[in-house]
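*Asks:* The chain contents come next:
Number of protein chains: 2
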Amino acid sequence: MELHYLGIDIGNTNQTVALADARGELLAIERRQTDPTRGAVGILASVIEAADTLLDHRPARDAGLAALGVGFGGPVELPTGVVRLSHQVPGWEGVPLKRLLEERFGVPVTVDNDANAATLGELVFGAGRGLRDMVYINIGTGIGGGLVFGGRLYRGASTSAGEVGHTIALPGGPECTCGHRGCLEALCSGTAIGRRARELAEADPELGSRMLALAGGDLRAITSKIAFRAAAEGDPGGRKVVDDTVEYLAVAVGNLLNLLNPQAVILGGGVPEVGAPLFTPLRERVRDYCMEHPYRAARILPAKNGYDAGVRGAVALALEAAGMLPCG
Amino acid sequence: MELHYLGIDIGNTNQTVALADARGELLAIERRQTDPTRGAVGILASVIEAADTLLDHRPARDAGLAALGVGFGGPVELPTGVVRLSHQVPGWEGVPLKRLLEERFGVPVTVDNDANAATLGELVFGAGRGLRDMVYINIGTGIGGGLVFGGRLYRGASTSAGEVGHTIALPGGPECTCGHRGCLEALCSGTAIGRRARELAEADPELGSRMLALAGGDLRAITSKIAFRAAAEGDPGGRKVVDDTVEYLAVAVGNLLNLLNPQAVILGGGVPEVGAPLFTPLRERVRDYCMEHPYRAARILPAKNGYDAGVRGAVALALEAAGMLPCG
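Chain order of the listed sequences is A and B.
Under my numbering, the final residue of the first sequence carries the number 328; numbering is consecutive throughout.
Under my numbering, the final residue of the second sequence carries the number 1328; numbering is consecutive throughout.
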């Protein structure tokens, strides 16, 4: 009998639920938008309804459900699968998500944070396929990450490992949402790149003129994307913002290579989608922050799971819950 | 029948060979000093002679030799156990140390670099006993390190993992022996602390006066130890050197906690022997570079294996070779 896996990606406003086979093929997807003010209970009801819809209409009705995986947009305690907290949605703190879903669906469930889910997704279905030792970095509005050692997700002593975004890339640098200074997230997240671009345009109107023009003359509308677009045109202001981004990121990636000697560092999320204009100079600049041997051993790769990275990661967690993958 | 393990610690001038039981009890030790100009062949002959001496005079003559472990003072390729290179001693490059010793002694042999050996030694016999996830940092004339994940030594994609000493703690900082800038080793090794103390004494004779006096008036004789001694007396110059050391180290340790969420970071080697004057402020300053959750999960501990850390580590590698420990 064929077995199916259910992946649930829970963000603050967007939830995606997918039914997949053991090869990670997404057979059907349900997407929901839930008003965060409806709280944890509203979101939970919404994803359960989406899961029921998928199970009721699954293509092979006789296929059994093997397991369920959840990628959650905030810290989760393992192996209990209890949510630690959510900054944006009220009511999540202490919710025993794993137990609730196991009781509801009668299958094994693994709940983990979305960065670990995406990491496992890249390992099983994406750019990390077949690798034993790799680091995944998600660079979007924030920076998250995950670690794979010996072919399994490494979660650390208390399941908070992989916080690449809060390693310090510039001591004394700009303040981060975590309260510390100079974190990679405060320098290289999409939010931070946009902020640095606006600061440049304000401090040096000549250097910022092209980015300002691309933003329709509205300083507040200068974003990370605009900085990369200006840089691609050869604009010195855009180039400065991108060069600084690459330099900070090179410090962080170089440190990862020296420390962990992985086979690959995989970059996913919105910012790396720009492709070669980020990856080409990054590969070059990492050399200056890393020893020859681990540099040669590692590839710096774009993630492959793209738009569905979240839910593919959740499906990978379902495979882990079913004992189809070595557990971390 | 009782089984014995042989540990061999190979440094540039000093070699230590020990016979141990399965609990790591050192039953007998032979120490050798070998002129580095005698090269790899001279050192190899010396340690084999020391090992033969131990085996010939072992307390329980009928005890079998189970395995042999070697901690080597330079990079080693695994699982082959071939020496990659030695900066100080000619002739080591490409020596198949594992194969040579397996043929000579007829038992399984594991060869690894001395930092990994010391890490495994702390895990099995020292401050890391019973831990699953930990980082070991050796702070002596240089800075080395090793990683333990899931109760086993993590060696990375090509056995160069654990180079904490070459992670960047201060981008653009002082030049390191590895050719890059701002590595932890270039800031916090005993050598680097002494250099910063001398630079301070030269740049600011008033601030450096006490350290200069402790060095008998010879600027070149100011060392890391003198800086710590002056700081202990309350001297502002010594305090400045120690405070800066703690700050750099706190960045590196904070990054390790955020990234790896270990149960412990264990500090060994000559510099941490100073004890509380380093550990007390370090534990406090790490807070500023690390999130609350991994901070609370981790202890920052002094190593326990002390003077015999090298050879105890080699004995731990012998236990690994014999299949008594999970392999990395």
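Just so you know, not all the hints are guaranteed correct.
Said to hold, decoys possible - Examples of chain B residues lying across from chain A (beta carbon under 7 Å, computed): (1) P1171; (2) P1262; (3) Y1295; (4) A1297.
It should be emphasised that the hints constitute simulated quantities derived from the structure, not laboratory data.
Ideal Cβ placement from N, Cα and C applies to all residues, glycine included.
*Asks:* Quick check on B:A1297 please, does its C-beta sit within 7 Å of some C-beta on chain A?
*Replies:* This interface hint holds because 4 Å falls under the 7 Å limit.
*Asks:* Given B:P1262 as an interface hint, is its Cβ closer than 7 Å to any Cβ of chain A?
*Replies:* Constraint on B:P1262 satisfied, holds at 6 Å.
*Asks:* Hold the hint about B:P1171 up to the distance rule: shortest CB distance to chain A must be less than 7 Å.
*Replies:* holds, 5 Å
*Asks:* Classify the hint on B:Y1295 as holds or violated, based on whether any CB of chain A lies nearer than 7 Å to its CB.
*Replies:* violated, 10 Å
Of the numbered hints listed earlier, the single one contradicted by the structure is hint 3.
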